[in-house]
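Going down the list, the sequences are from chains A and B.
Position one of the first sequence corresponds to residue 36 (the working numbering), numbered consecutively onward.
Position one of the second sequence corresponds to residue 36 (the working numbering), numbered consecutively onward.
Among these hints, one or two may not hold up.
One copy or two, it doesn't matter: identical chains are merged, so the pair holds either way.
[As the list claims (entries may be wrong)] Taking lysine-lysine and the DSS-like style, the derived pairs with C-alpha atoms no more than 25 angstroms apart in a straight line are: (1) Lys375 x Lys288; (2) Lys37 x Lys157; (3) Lys157 x Lys127; (4) Lys376 x Lys157; (5) Lys361 x Lys127; (6) Lys288 x Lys55; (7) Lys375 x Lys37.
Hints listed in this document are in silico derivations from the structure and should not be mistaken for laboratory results.
2 protein chains.
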Amino acid sequence: MKTINIGLLGCGTVGTGVAKILIENKGLISSRVGASLILKRVADIDIKRDRGVCFDNGVMTTDAYSVVDDPEIDIVIEMIGGDGIAKDLILKAIKNGKQAVTANKALLAVHGNTLFRAAAKKGVDLAFEASVGGCMPIIKSLRESLVGNTISSMTGILNGTCNYILSKITFDGSAFESALSEAQSKGFAEADPTLDVEGIDTAHKLAILTSLAYGMEINFHDIYIEGISNITPIDIEFAERFGYRIKLLAISKNKGDRVEARVHPAMISFDNPLSNVSGTMNAITISGDAVGDMMLYGHGAGMMPTASAVVGDTVDLVRNILSGSKGRIPLLSYQFDNIKKIPVMPVEDIFTNYYFRFSALDHPGVLSKIAGILGNNSISIKSVHQKGRKTKGSVPIVILTHLAREADVKKALSEISSLDIISDSPVLIRVEDENGED
Amino acid sequence: MKTINIGLLGCGTVGTGVAKILIENKGLISSRVGASLILKRVADIDIKRDRGVCFDNGVMTTDAYSVVDDPEIDIVIEMIGGDGIAKDLILKAIKNGKQAVTANKALLAVHGNTLFRAAAKKGVDLAFEASVGGCMPIIKSLRESLVGNTISSMTGILNGTCNYILSKITFDGSAFESALSEAQSKGFAEADPTLDVEGIDTAHKLAILTSLAYGMEINFHDIYIEGISNITPIDIEFAERFGYRIKLLAISKNKGDRVEARVHPAMISFDNPLSNVSGTMNAITISGDAVGDMMLYGHGAGMMPTASAVVGDTVDLVRNILSGSKGRIPLLSYQFDNIKKIPVMPVEDIFTNYYFRFSALDHPGVLSKIAGILGNNSISIKSVHQKGRKTKGSVPIVILTHLAREADVKKALSEISSLDIISDSPVLIRVEDENGED
Chain A
36 MKTINIGLLG
46 CGTVGTGVAK
56 ILIENKGLIS
66 SRVGASLILK
76 RVADIDIKRD
86 RGVCFDNGVM
96 TTDAYSVVDD
106 PEIDIVIEMI
116 GGDGIAKDLI
126 LKAIKNGKQA
136 VTANKALLAV
146 HGNTLFRAAA
156 KKGVDLAFEA
166 SVGGCMPIIK
176 SLRESLVGNT
186 ISSMTGILNG
196 TCNYILSKIT
206 FDGSAFESAL
216 SEAQSKGFAE
226 ADPTLDVEGI
236 DTAHKLAILT
246 SLAYGMEINF
256 HDIYIEGISN
266 ITPIDIEFAE
276 RFGYRIKLLA
286 ISKNKGDRVE
296 ARVHPAMISF
306 DNPLSNVSGT
316 MNAITISGDA
326 VGDMMLYGHG
336 AGMMPTASAV
346 VGDTVDLVRN
356 ILSGSKGRIP
366 LLSYQFDNIK
376 KIPVMPVEDI
386 FTNYYFRFSA
396 LDHPGVLSKI
406 AGILGNNSIS
416 IKSVHQKGRK
426 TKGSVPIVIL
436 THLAREADVK
446 KALSEISSLD
456 IISDSPVLIR
466 VEDENGED
Chain B
36 MKTINIGLLG
46 CGTVGTGVAK
56 ILIENKGLIS
66 SRVGASLILK
76 RVADIDIKRD
86 RGVCFDNGVM
96 TTDAYSVVDD
106 PEIDIVIEMI
116 GGDGIAKDLI
126 LKAIKNGKQA
136 VTANKALLAV
146 HGNTLFRAAA
156 KKGVDLAFEA
166 SVGGCMPIIK
176 SLRESLVGNT
186 ISSMTGILNG
196 TCNYILSKIT
206 FDGSAFESAL
216 SEAQSKGFAE
226 ADPTLDVEGI
236 DTAHKLAILT
246 SLAYGMEINF
256 HDIYIEGISN
266 ITPIDIEFAE
276 RFGYRIKLLA
286 ISKNKGDRVE
296 ARVHPAMISF
306 DNPLSNVSGT
316 MNAITISGDA
326 VGDMMLYGHG
336 AGMMPTASAV
346 VGDTVDLVRN
356 ILSGSKGRIP
366 LLSYQFDNIK
376 KIPVMPVEDI
386 FTNYYFRFSA
396 LDHPGVLSKI
406 AGILGNNSIS
416 IKSVHQKGRK
426 TKGSVPIVIL
436 THLAREADVK
446 KALSEISSLD
456 IISDSPVLIR
466 VEDENGED
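Isolated chain A (complex conformation):
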């Protein structure tokens, strides 16, 4: 049986998961693939720690470059993360003609264009299924299963930390801070949770998906990003009353000559299958002209689910090596010559439905003033809800709108904020309700 040698860079949580699968399910994988996958070299700064995996002598090294330079290694799996040494190592592996696998969304979102072009030029593959949605086969779906479809939109819950925190606020009424602490104590959030809770990790993933779905290069910095740290139990309570759940969504829409690409908390209807995705689970809905709506659901992170996707990618590359078909599928889903520069719409140009919550003094005529400003800015009101109870002399006034333009909304809220009857900054949460677009 033919042998394929694999080098693993980074043996942290997911890297260890990959090693476990390659070692413990070796026979199973061979019986499917028809080749023996050997984990020949593993590089990590800490080669002493007990990882619960038994490596042969000489497998572990602290020198990652010795792995990418090893002429016997066929496939390099980069599990270091971040956009520092990882980029250099992948480029070196590509230069050395090796197939590469990575789950590094931060790197791909920002430096993907450089890496993919280097791989294509060298005629090697760079696989990255695990960079988005953990175990869910979203990259494979976009590049392979849905190849006959014009993709019209994607909506995803792509960060388990945020989804866990929002679920805690929703079901236990926790405040954001205590939900975050609990996520940290359970290992679902980092000590510095910024990348996750501020929506940056989700936006990294959205950049990758948007690029693949529509055949475009994307500038990560064009994505509008808003995190979940301002979500409060009172807004979740109102949302539930209207039949909505608040989720941190990654939204991408194909508008022909422009695309929408935005990450922010949003209200979605209980009818929307994404509303039932709770805890650390991830899911994504993809809409295409033939497929209609399709959803993938699964563990978006974690040692073994992510490792499962990395091994799936590795076997794809093994099969390309065995059948002599490197470069069989274009890395970015489209042939490089057909990748376009499509501008991302400024968020001010999007149309969606809105939820506003104003803290207003309980005076007669307040609503008339607010409604007047909204009307003057072409924002049509769907419903108004005033909650009886006073908080520090002010009452919450909640307004749901019909479709409105974000620029108009920003202008109206700025005018309303400056009214002396308004005591706090208005709260704005977008309502992504396909059925309610009227």
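Mind docking chain B on chain A? Use the hints.
Just chain B now, kept in the frame of chain A:
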């Protein structure tokens, strides 16, 4: 740009959808694949009907054999269905060295072993993603994404007709017959609905999935099959009261030296994401040692969603042709030498939880007699519910059990049936409640 010639056999609903995608999205597909896919020949017994697709002169023929014998055709797509001429045409196409695509689950479930071995022997591919779950990439997930996983179980809602009927009974309280009539009038059920409502179509799909997941040949007739025609609103009402929804499930479990493969209506908890899959939608949960639980959700049938999967398969084969990698992935997920004969467990050997509904005369001591028989047969009662209202002098007694063996259950129900206080045949519905397995 290289050209790949495609021959389509059968231009009914899905066949027409395939033609539409290949013609209308031709440019899009080329920009992804880097080759031009030409729909060169289309065979159908009716070449006159307006299908809303414009074929060039000479493309349509009534002679399907002229398509599979055409030396210029690279890929044959079989959309005729059934296990008659379709089998012969696919075998002829394989013999002629053509790559083939089919969505024909009835054929694959019964004659798959013959067809796959013929294709493997000839070194051509036979793709069949659309045979299970319409647009959902379930075959691709099993053969590619999850290749590093020992699959432990799969649970699916794989028939849109049954799911529509059960949803109607659940949400509108319709009787089975009227829900079926409505499904027929909306085009969701055939004039002869037997294949769907009796669970046979679901079992065809389960046979294919079971074979791929565990690397085994399966005898379709070993699958236990029970349809939905006996499901009544009263059982659905009880189920909802206990927090369960009734779905027609395809269940497959890897028990090492044996597998479970069964199709029957079952109660599942509202927490189970499958419980929210309503109307004609399909979904499947796959559990693996690395991936944990993953779910795919989408349109399981219909013109365009199914055609989307067929085109995805076709492009896979185009890519194999272009890169010279025919046979890149073993057809049945495992290398042929590693495909085992694993017996399917007789249904009498399975353990699950049960819901029983007895119609009993309203006499003292009834429950004691029923409970005694259950106890004597090693069936442990979880809860008992007696509904006050009498129907023709009898009252419904509902019992939920802990895990019990099907053979014991059958024996107990037979004994209970023969009691003179029991007025109707007992109703048995399995409760597939992972959390409740105690």
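Please sort Lys37 with Lys157 into within, between, both or neither, judging by C-alpha distance up to 25 angstroms. Cα proximity of Lys37 and Lys157: in one copy and across copies (24 angstroms, 22 angstroms).
Check Lys376 against Lys157 for me: Cα-Cα at most 25 angstroms, and say if that holds within a copy, between copies, both or neither. within (23 angstroms within a copy, 44 angstroms between copies)
Should Lys288 paired with Lys55 be assigned to within, between, both, or neither, using CA atoms and 25 angstroms as the limit? Between copies only: 23 angstroms across, 38 angstroms inside.
Treating 25 angstroms as the Cα threshold, decide for Lys361 and Lys127: within, between, both or neither. within (18 angstroms within a copy, 31 angstroms between copies)
First find the shortest C-alpha distance between Lys375 and Lys288 inside one copy, then the shortest across copies, and answer within, between, both or neither for a cut-off of 25 angstroms. within (16 angstroms within a copy, 46 angstroms between copies)
Can you give me the call for Lys375 and Lys37, within, between, both or neither, at a CA distance of at most 25 angstroms? This pair counts as between: shortest inter-copy Cα distance 22 angstroms, intra-copy 40 angstroms.
Tell me, please, which holds for Lys157 and Lys127 at an alpha-carbon limit of 25 angstroms: within, between, both or neither? Within. Shortest intra-copy distance 11 angstroms satisfies the 25 angstroms Cα cut-off; inter-copy 40 angstroms does not.
In summary, this structure violates none of the numbered hints.
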